[in-house]
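> Top to bottom, those sequences are chains A and B. As numbered in the numbering used here, residues -14 to 88 make up the first sequence, in order. As numbered in the numbering used here, residues 32 to 149 make up the second sequence, in order.
If you are wondering where the hints come from, they were derived from the structure by calculation, not from laboratory data. Please read these numbers as outputs of a predicted model, since none were measured by experiment. Backbone N, C-alpha and C fix where the C-beta goes; we use that ideal spot for every residue, glycine too. A portion of the hints provided could be inaccurate.
The following label-pair restraints were derived from C-beta to C-beta distances [said to hold, decoys possible]: (1) A:Ser0 / B:Cys134: 15 to 21 Å; (2) A:His31 / B:Ser148: 49 to 55 Å; (3) A:Asn82 / B:Leu131: 19 to 25 Å.
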Amino acid sequence: MGVLHLLCASPGASSALAQCLGRVRQGDALLLLEAGVYAGLQASVHSALLTEALPAGVACYALLPDLQARGIGQGELLPGIEVIDYSGFVALAVRHNPIVTWG
Amino acid sequence: MQHFLFLLRRPPLTGADLRETLDMAMTFAAFDVAVSLLLLDDAVYCLKPGQNPPNPSLKSAAPLFAALALYDVREVWVEQESLQERGLGGMEWPIPVRLLRRCDVAALLAQADGVVSG
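Isolated chain A, as found in the complex (with noise of 0.2 Å):
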């Protein structure tokens, strides 16, 4: 299976979603995460990154723990982000590899 995209920077604070997008291909996987969540936000102006650069066939996540902790509801995000818990984050880490971080 493809590689493991992690994003753990807001797009509004950091161009490492963007940096990441044009490096991503079909297989791939993107885990948004800790400050990454808010790159999942429908309503936000930065949700065009994902919605007009994320290539097709990568699948989009989102860490619950991490949309609680900030008050996002599974309702304020881009349809096509799967929500997972922890377990379903190791559950992504042993079919993808490698892991990529890109803050």
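Given chain A, work out where chain B should sit, using these hints.
Relative to the frame of chain A, chain B by itself:
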């Protein structure tokens, strides 16, 4: 033999991270891991010749990269688009590098056994 790719994205002189990442790469190589480096985005500035930081505690990045070959870290990849975006297309290289296009980076990441983000 396992292959690890060390990913650099930040410019030089931003702290201790660059030295620590390169030290880690050389340590992996010393323990029989095939190591390569990939420079993306601002990290391409690490190889800009003529760096001369005035503060002695912030050393120039160039000697660190020159040491890599001594430790068998021979593959230093540089993304062409990162160079072009920074107007560094015609730069003189302090060490041998391999150029690759952005569309080929995903495949390079995928074939590593592990990627260390530095």
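> Next step is simple, just say for each hint if it's right about the structure.
Evaluation of the provided hints:
{"no.": "1", "hint": "A:Ser0 / B:Cys134: 15 to 21 Å", "in the structure": "holds (19 Å)"}
{"no.": "2", "hint": "A:His31 / B:Ser148: 49 to 55 Å", "in the structure": "violated (21 Å)"}
{"no.": "3", "hint": "A:Asn82 / B:Leu131: 19 to 25 Å", "in the structure": "holds (21 Å)"}
In summary, the structure is inconsistent with hint 2 from the numbered list given earlier, while agreeing with all the others.
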